[in-house]
Amino acid sequence: MLFGLPLLSLVIWLPIFAGIGVLATGGDRNAPLARWLALTGSIAGFLIAIPLYTRFDPLMSAMQFVEYSPWIERFNIHYHLGVDGFAMPLILLNCFTTPLVVIAGWQVISKRVSQYMGAFLVMSGIVNGVFSSLDAILFYVFWEASLIPMFLIIGVWGGPNRVYAAIKFFLYTLLGSLLMLVAFVYLYMISGGSFSILDYHKLPLPLTPQILIFIAFLLAFAVKVPMWPVHTWLPDAHVEAPTGGSVVLAAILLKLGGYGFLRFSLPIVPDASQYFSGMMIALSLIAVVYIGLVALVQADMKKLIAYSSVAHMGFVTLGFFLFNAYGLEGAMVQMVSHGFISGAMFLCVGVLYDRLHSRQIADYGGVANKMPVFAAFFMLFAMANAGLPGTSGFVGEFIVIMAAVEVNFWYAFLAATTLITGASYTLWMYKRVVFGAVANPAVEELKDINGREILILAVLAAAVLGMGLYPSPLTEVMHTTVDDLLAHIARSKL
Amino acid sequence: MNFVPPDFSPAYPEIFLLVMVCVVLLADLAWGEKKPYVAYVLAQFALLGCVLITFATSVPEVVHTFSGMFVDDAMADILKMLVYVTVSTVLVYSRTYIAARGMFSGEFFSLALFATLGMMVMISASHFLTLYLGLELLSLSQYAMVALRRDSVMATEAAIKFFVLGALASGFLLYGMSMVYGATGTLDITHVTEAIQGGTINHAVLVVGLVFIVAGISFKLSAAPFHMWAPDVYQGAPTAVVLFIGSAPKFAAFGFVMRLLVEGMGAMVADWQGMLIILAVMSMMIGNLAAIAQTNIKRMLAYSTISHMGFMLLGIIGADENGYSSSMFYILVYVLMTLGTFGMIMLLSREGFEAEKLDDFKGLNRRNPWYAFITLLLMFSMAGIPPTVGIYAKLSVLQAVLSAGYVWLAVVAVLFSLIGAFYYLRIVKLMYFDEPETDAPILPQSDIKLLISANGLAVLAFGLFPQSLMALCAYAIQQSI
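For the protein sequence lines, the chains are E and D, in the order given.
1 is the number of the first residue of the first sequence in this note's numbering; add one for each residue after it.
1001 is the number of the first residue of the second sequence in this note's numbering; add one for each residue after it.
Worth flagging that the hints you see were computed from the coordinates, not collected in a lab.
There's no promise every hint is true.
[What the hints assert, rightly or not] Examples of chain D residues lying across from chain E (beta carbon under 8 angstroms, computed): (1) Phe1380; (2) Pro1386; (3) Pro1387; (4) Gln1399; (5) Leu1402; (6) Ala1421; (7) Leu1425; (8) Tyr1432; (9) Pro1466; (10) Ala1471; (11) Ala1474.
[Unchecked claim] Distance condition first, Cα-Cα at most 35 angstroms in a straight line; then the derived DSBU-like pairs of lysine-lysine: (12) Lys431/E - Lys168/E; (13) Lys111/E - Lys1357/D; (14) Lys168/E - Lys1449/D; (15) Lys1449/D - Lys1357/D; (16) Lys431/E - Lys447/E; (17) Lys370/E - Lys111/E; (18) Lys111/E - Lys1362/D; (19) Lys1449/D - Lys111/E; (20) Lys168/E - Lys1357/D; (21) Lys168/E - Lys1362/D.
Note that the Cβ used here is the ideal one computed from N, Cα and C, for glycine as well.
Sequences are here, hints too, so could you generate the full structure?
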């Protein structure tokens, strides 16, 4: 608590109420007001989240900043919030991304500005709610609610095929989460009437129910991550979403899936997680290797980055199911780093798209001649996406590969192929878009990025480099949590 | 032999309403031509009076009167209160709509009040005959309301279908009741319970009777496979009447199920549980699948109602206090959403134009963002997406079936609700993603505007704080069983 304020409630509800305020500005006559209000709200949301880091006790293994009050007594549901070393960095990542998205949409979005900005702010608060809920139903409410703003963002401001993409996104995610709800209710019955996630962690369970619950959770989280083979909604959603939508989708919403594994699957059904670990590792490696190859042949820049997201998230799930400290830590680092890098990549594509209204690689060429500053930033992010040492992309992948070596050399070998495929698809795309002679008259007309765009990209560049060179501020807050989780998983619940 | 007059006090609300219906009829006779709103005001006043009387005469314990034919308990009082509020809301929403279609007359209001009286009698019945009387009073009034627009072919067709199938269902019900009477020798629900629990009764005869009773009930609930009337009636009848049929009578139907199955034949729970499972699964399946193919929004909502009734039955299948109260909560939430949705359809209709096609919702966000937002809340609530109240309705019935041990049924239910989400999403898509086809302004009366906003926001507010409604339902069931 800071000055006795309920910090977690603030990081949830401040953006939501700011979003409602932005919505209330109404039509596009008040667009400037809506923009400034949204910026103020999102920056305030970030500032209020900073004490979560500064006042976080990295040595404490219990939940921190806990808030607990009854909510729905009929089902013994509580408004129970708290964060540990997994949730806190993700909340910060989310609060960090929101202002960038608001700034990125500053000029580009000219229709229904208040609704656009409002949707992002509301979503930011909802996602903070997902990361800090310690009650299963509270979690579920935030989890599902986060679909609504993203559905509207894709559907209203998206590209030509937006309706298909939006509905596919919604239904896919809903399928997984409904079975998760059944699992929650089932756990509620077994635990004698509790929806507390922390109670579930301690609940002994025989193997068969564990397996069923694991499958229900897996559907919810695998769709969200997304893991191969339920990733097909992601390229569609990314391609059709407006730039801001893609950024939030890649940087934040995919992390919900990863977080779900850490908060639910691993601690609640540890034996089933061990039981399925071979399958999970196989699926992760397919994502890393096969989806990496799929990315190589994409002609659409956004699709390419979407597939590269799937491949990178493959490292996250791989790290989770290796069951060692490096694996978990590497996966967490990879999640945060992917948040920065994929966000930045989508913003770079957005910069080009705003000018030329095309995402096709073939429509570009020689951009560096006309947009040198942009080309420099894009270069940095492309390198980070390829996992160049010194950028954050390297740290996560490297730690996970190290963890894999400990378990099985061939896991590590297959995972390490990403260093080749990742570099190939990213840098090849970069080469075709940025280098060479000016391809066509449209490129000839391009203007370099303006101050607003430089600001966003510079902030992200600082984050990518900072984390790449000195990752310990991130890793040290999660040591205790990682050790606790591993010790917890090691104890059988049978 | 002295005549001892029965205790009238538990039936004061019914008596008051009966008197008021007569007053409405007389007033309409006197002023109907020049001042049609007199009937409207009197009807609203009658409902307000009923609220006050029910509140004043409510007692915590269960009271029987009229030689055990009539019962007054907490569940009856709460259900009746909900009926009054619902009917009153229906009348407000309908006002502009029926006025523009020449139906703003004493007949509409007196029929609505007669139907309300029927519902109250059903809710308070503790005798098969009382139950049947209430049901017929409700049904006959509804048939007449559907046919109120004599010149409309669609409405007439709908009314005839409704009447013929409704009469058939009543026949089923009566036949089932007669079997039970034959087996137990009584029509009084409390005596039927005792007789069945006695265990000397021929089980086969009772089961045959039960089958017919369940068939009759599922017709009234519009649960599959006895749902055929619902899509046609919803499509053909004037929207105001559909709103009426689709909302308050569901409370009465819930009361009906509770009195017949739970109170009357509670000892045969194992028998009717299996039947209700079939009904629930079929309703969820047919309702959700058929709704996808509809282009008429009223027809689509009819199928959606069928699927919601399937969900509601899940709670009854749970067959304990928790289960019944979760069903009651489901009905309450369902009525709240239905009121808002049909209210919105009437809001979009105007003189000479019926907003009946799904496409009439196109671009609503452009035309009026606020109403689009209200409809968005209602649709997400129907689909059971938080933070709207719909999710808690689903959660409670799921909890009920899981606690009864039917894991597969819960999984089937959520899969169908996923299919259901698709067609609710389609409305959101039409409102937000598409361009409007018309730019006709939406100019409702201010009370309708306020009420529909409150209705939509209630879906959100109860989604954030559902405890009070859940506690109300739990209280109603606990006090009465």
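Okay, the hints, checked on the actual structure:
For Phe1380/D, the interface hint holds, since its Cβ comes within 8 angstroms of a Cβ in chain E; the closest pair sits about 6 angstroms apart. Checking Pro1386/D against chain E: minimum C-beta separation of about 4 angstroms stays under 8 angstroms; hint holds. Of the supplied interface hints, the one on Pro1387/D holds, with its beta-carbon coming within about 5 angstroms of a beta-carbon of chain E, less than 8 angstroms. Contact between Gln1399/D and chain E, as hinted, is supported at the beta carbon level, the nearest pair being about 5 angstroms apart and thus within 8 angstroms.
Below 8 angstroms, beta-carbon pairs count as interface contacts, and Leu1402/D has one with chain E at about 5 angstroms; its hint therefore holds. Hint status for Ala1421/D: holds, given a least beta-carbon distance of 6 angstroms to chain E, under 8 angstroms. Annotation: Leu1425/D was flagged as interfacial toward chain E, and the flag holds, the nearest CB pair being 6 angstroms apart, inside 8 angstroms. The criterion of a C-beta within 8 angstroms of any C-beta in chain E is met by Tyr1432/D, whose closest approach is roughly 5 angstroms, and the hint holds.
The beta carbon of Pro1466/D comes within 6 angstroms of a beta carbon in chain E, closer than 8 angstroms, and the hint placing it at the interface holds. A hinted interface residue such as Ala1471/D counts as satisfied when its beta carbon comes closer than 8 angstroms to some beta carbon of chain E; here the least separation is about 6 angstroms, so the hint holds. Proximity of Ala1474/D to chain E holds as hinted, the smallest CB-CB distance being about 6 angstroms (cut-off 8 angstroms). Distance hint between Lys431/E and Lys168/E is fulfilled; the C-alpha atoms sit about 33 angstroms from each other, no more than 35 angstroms.
Between Lys111/E and Lys1357/D the alpha-carbon distance is near 27 angstroms, which keeps this suggested pair within the 35 angstroms criterion. Proposed proximity of Lys168/E and Lys1449/D is supported: the alpha carbons are some 34 angstroms apart, at most 35 angstroms. A distance of roughly 22 angstroms separates the Cα atoms of Lys1449/D and Lys1357/D; the hinted pair therefore holds under the 35 angstroms criterion. Proposed proximity of Lys431/E and Lys447/E is supported: the alpha carbons are some 19 angstroms apart, at most 35 angstroms.
Distance check on the hinted pair: Lys370/E and Lys111/E sit about 29 angstroms apart at the alpha-carbon level, within 35 angstroms; holds. A threshold of 35 angstroms between alpha carbons decides the hint, and for Lys111/E with Lys1362/D the separation of about 17 angstroms falls inside it, so the pair holds. As the CA atoms of Lys1449/D and Lys111/E are separated by approximately 26 angstroms, the hinted pair is consistent with the 35 angstroms bound. Of the pairs offered as hints, the one joining Lys168/E and Lys1357/D holds, with about 24 angstroms between alpha carbons and a cut-off of 35 angstroms not exceeded.
At roughly 20 angstroms between alpha-carbon atoms, Lys168/E and Lys1362/D fall within 35 angstroms of each other, so this suggested pair holds.
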